[in-house]
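Line by line, the protein sequences are chains A and B.
Each step along the first sequence adds one to the number in full-length UniProt numbering, with nothing skipped, and position 149 is 149.
Each step along the second sequence adds one to the number in full-length UniProt numbering, with nothing skipped, and position 305 is 305.
These are calculated hints, taken from the structure and not from any lab test.
None of the values given here were measured: they were computed from a predicted structure.
What you were told as hints is all true, and nothing was included just to trick you.
So the derived label-pair ranges between C-beta atoms look like this:
hint : chain 1 : residue 1 : chain 2 : residue 2 : range
1    : A       : V195      : B       : Y123      : 53 to 63 Å
2    : B       : P45       : A       : R327      : 20 to 30 Å
3    : A       : A191      : B       : P114      : 52 to 62 Å
4    : B       : K104      : A       : F301      : 41 to 51 Å
5    : A       : L224      : B       : K104      : 13 to 23 Å
6    : B       : E118      : A       : L199      : 54 to 64 Å
7    : A       : W30       : B       : L126      : 23 to 33 Å
Going by beta-carbon spacing under 7 Å, a handful of chain B positions derived as facing chain A:
hint : residue
8    : S26
9    : S33
10   : D36
11   : H39
12   : E88
13   : R89
14   : L90
15   : N91
16   : D107
Backbone N, C-alpha and C define an ideal beta-carbon position, used for all residues, glycine too.
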Amino acid sequence: MPDFLVISADLAWPLAVLLAWLAGEFIHRWTRLPRISVYGLVGFLCAQAFPELFATESGNPVIVMANVAFGLILFELGYRVNLNWLRVNPWVAISGLAETFATFAVVYLIASAWGVPSMTALLLASLAMSTSPAGVLRVVNEARSSGQVTERVLHLVALNCVLAVLTFKVIVGFWVFETSGSLTQAISLSAIELVSSALLGAVCGMLVPAVLRHLGNLAREGTLAFALVVVILVAITHATDLSPVLATLAFGLTARHRRVAFTRTQRNFGAIGELLAILLFVFAVSTLSWDNVVNGGMLAFVLLLARFVVKTAGVAAFSQLSGIPWRKGLATGMALAPMSVFVVLLLEQTKNSGVVLVDELAAVAAMTVFMEVLGPIITQRALIWARETSKEV
Amino acid sequence: MALEPFKESTPLTMGVELELQLVSFSDYDLTASSPDLLHLLAQKPFPGHVTPEITESMIEINSDVHTRHSELLAQLHEVRDTLVDAAERLNIGICGGGTHPFQKWVDRRIFEKPRFKEVSSLYGYLAKQFTVFGQHVHIGTGNGDNALFLLHSLSRYLPHFIALSASSPFVQGGDTLFNSARLNSVFAFPMSGRAPFTLSWDDFANGYFAKMEHTGVIKSMKDFYWDLRPKPEYGTIELRVCDTPLTVERAAALASYLQALCAYLLDRKEEAPAEDDYLVYNYNRFQACRFGLDGTIVHPKTYESLSLREDILTTLRRMDPYAEKLGGGAALNHLMQVTHMGSDAQYLRDQFAASGSVEGIVDAAVQRFRGRR
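The following block holds chain B by itself, in its conformation from the complex (with noise of 0.2 Å):
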């Protein structure tokens, strides 16, 4: 089955996916309950879209298409004040974070849907390990040319966002000294990393899916697990490197920023992509997830080395004016602050000094998830 037409979208509306942790208050460990909590949800109205995950410890909220800062946060807060709600009557605590500081794979339950079954079965443990969270944001792009020309711009700029969102510094119980240990569990998957280099999406359709589809080895653009994806039936690019933040604030942030970014780089006043940006591609991102804002990234053109910190704000600065055209203001403020405050990891760290446990940390976690911290 060849790949659908890439439908047309309005560029530069965004929406947001957010896969949430599911914890039990008993323990504070991850509680296999999307099922009793979906069906709570379903007795009453949602005011956005709510989807399980692969393991029944997981759900995945859905934003509607927005175009401006305000609105998307709107929903987000009223999206999370819904959730906060119905899970408490359950007994669930719910937050962000890209990892479970001390959650066993092994204790994992997929969730009951053909799709996630086949999933595992052709993963295997690597299935249950995928219990991380993260946020994925989509962009609009007009067509599917401009959507593969910002997917290649973008990835000089991708260390950002995982330096900005990082907040999965424990795994299994311990310190992984990453600040993003998340994407090292999405590397495990064959289908991972970047997407091929190509501009033109008849190229990417005709060429490129189908010799794929043709070896059988993929069926659904859902089977590749790329950082940066377009996604033809809703006409946009994903950006999925983002761990799931602490706050539906720095969610909504990342989003505009992303909107900024993508308005910016449709201005094509940078120099066009090309195939040799990739040489640095992994490292850099290595560094962001190592190192977050702490980084060192290496330019792609000039091969200069730059503080990931510094280029950020550099960048930040860049796209006030877009931002401020789009409504975008207040986000990059906000990112700002995290730029000098530190970031969600540093968070996490900071409660685990605090309160001696794993569980200080998730505790934290969702406290600040319901804005209360």
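The following block holds chain A by itself, in its conformation from the complex (with noise of 0.2 Å):
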């Protein structure tokens, strides 16, 4: 007779996928509420409830797919960045680093008055710049969006993460100096991770246009070789220890500007992109328990609201010169709420280098469970308030 418990453990990532995907077919349909929302909130929940069934060891094939799933979602976004477009209208660009550094400032000096130890504090601070490209593209495509919040929004997001990324790696740096001792060691590891993430990822993006390009048929090929490299890609930078958010992203960015114009990548990549999309919004939770989420909810709490007002009034505080009313300048800053994904997936990939954050840093646990289900839910809202969504959402 199988033991029963083996049996349990082997199906419960595949339940829980399939309970998160009808879970977030009858809400939306029902109150039209991001679908992404509902995945996390049926991810947190499992855990906490199985939390041995859902308990993920590095290397475990879940992790490797939820990367892809990530990776995937950083080309595509990479892929409709238009680095030309800050050049014509720096404004953009300017509002971009105004809100993320302000946004670290002000996080920094929440969280050191709140009496976290400084280098916790940094850290804290440099994971609060990013904005989560998984929620605010799947929002974005869900809801079909167009307009001009769109476009910024989804700028500002690829703005933020490499910022975010550089920020957090250098203060990592410091971080393993100071378990090391050595200065140089630490600066040269982040640096030389930095810069060849985004080699790595420029090189593929140049060669796969050529050689899709020689083999003719574009719009066949296109999509399955784009997310053929963003598998080969992760599993690269998870082997080297490489940045897997910045080569992907790197490889978008640079594959949309050497096509002349390719053909459009379907969107989320078709069905397997939406399958790995769930996988990757139940896991993000899943690693989170409990007791970290409530230690720092009081804590998440002001830090997020702080983020949140800080982000949406740098942004809107340009919104005039760079060519848009102020409601929609407000809608952007509102629409950068996401963070959880992108987060727990640095932390994750942090792991991999003997740095373990996620118990050190209780209120990234709640901030995390806060705004996987909520920041969804606000990007949504500030697209149908600018009015840039179809109708049917």
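Dock the two chains into a complex; use the hints.
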């Protein structure tokens, strides 16, 4: 007779994904809330109810798949970013830089005042700079939104991610230095990791379009080829401790700018992309424990509120200068609310280098859980308020 | 409410309306950005007029009233440059072309304006499918009788304008094998096609229009989507069969060609128009849409088969003295080149072959509209 517990462990993830999908469909149809908010909620509840079934060790296929799902989303984001726009209308980039660094400063100051140790406060602040591409892009695609808020949110998310990864890695470098004692080793490791990751993605971004062009039928092969290379990039970065975030984002960016005009990659990478995304959102909160959420809850609430206000005000302040009305500027800032998935994966990847931060940063756990559910809802409401969604939402 | 009186206008004045595509530089699909662009444009004086169109992925620009080709072209250049600058600030590409090659009509949003909402609720998906882009040319006719005379006399030359402006070979991601697929979308509307035959404005206004209004089917001239329609409030006739060309140079040239043709027809050297001219109207229209300059049309009076390209060349030569007098010589030369080099539809097909993707077509159209290709 097969061991019941072993079967349950094998079945846990597929069943959780199925449950999340079903719940997402029902609740979305009933309330019009974003499906991904429901996925996160289901993931968190499953993990709290059966912690031993959902425990994931490093190298677990679920983590690899979650990383692939995130890689696909980052590629799609990079593919939609037009760097030339930031040159033509520099106020868009300036608003992004302002809100990102203001968020860093405000979160650091609040956390320090709360009594959080300096290094921890710095890490918290760097994580708060980010906006999760997964949350934003999924909501944008689900709502079929288009307009200035949509365009700007996508560009600002890419900017936030890059700046957050850079800052986070530098601070982790210092963290490593504090424990290992070698400053040069810590900095050079971070710098090498960042540059190598971006370079790896950029090289793929040049090679893949060239090969596709050679093959001829861009419309058919494009999506598949891009997906395959994302999988390979995630595998390489995983094996070599590079940053899959930077690599896949750089891949998308370069592919777009090298293409002349390649065919539009299928939104969300089709049904497989959808499947992986459910897994990603279920996984993201399954790593967090209820105790951490409770411990960090109050600080998380204050930090999230501060982050939300600073980001919204930071973008809105430049709205007129950058050519949009106040209302759309405010909506753009509000739509930057999601941050969870990005943070969880960044912390997961940092585990590989022996730095375990989730327990240190109880507030992060709470922020992640709140924002996994609330973030996409805020983005969706901001897009509706800006009248950029299709009427069906 | 009776049809308003036909406004007296200066004969042979001209004005141009262009419906333009708003394209996202993120993925080259249409983007629902007309509210954003109109907001930005409203902050500075605009060298013409710009208005929203039925879906938020389109805008319409209008020129002032002009008498000479050079003045019209200068204003269209200024309008284009202002538009392109504003659009680039918002990461939007602007281009001509009668259709967007791969947009899905289901993704379009109707602009928040009562008339557009009414049209949408009456016509259902046809309203969103109407995300096609045309050039309208107005010519001043002096009075209503002249307007109807010109309107019916021009029916024989309509295929010229379809073939010369054709720029919509791709729809929903595929090559339709038409040069102007846009007109097929217009044809789906019940009030499309040709105007009823009468040469008297009184008969038109008090007879046909009054009866149609009584049926409750129409409320104003705006409800007619005819290929050529009188515009009493401006004192003009309006040609509506042209696709929006890829360049403003071609738009100005087409307007000047129509101006010269009207000058020629008002000399009344041709046999007067008759109802029977319309026997071959739909066939000729189809030939021009399907085959462009390579089409074969039937002369409505002699029933002789003619190569459309040859017929255009012959007519252009005959219009030379009229164009010279009106200052439109350069315009006719431009169109002469088109008959040799091929239409915008041909250019778009070439771009598809070169880039291998429908996005490549849009990219090329955006560059061409800027005057950089």
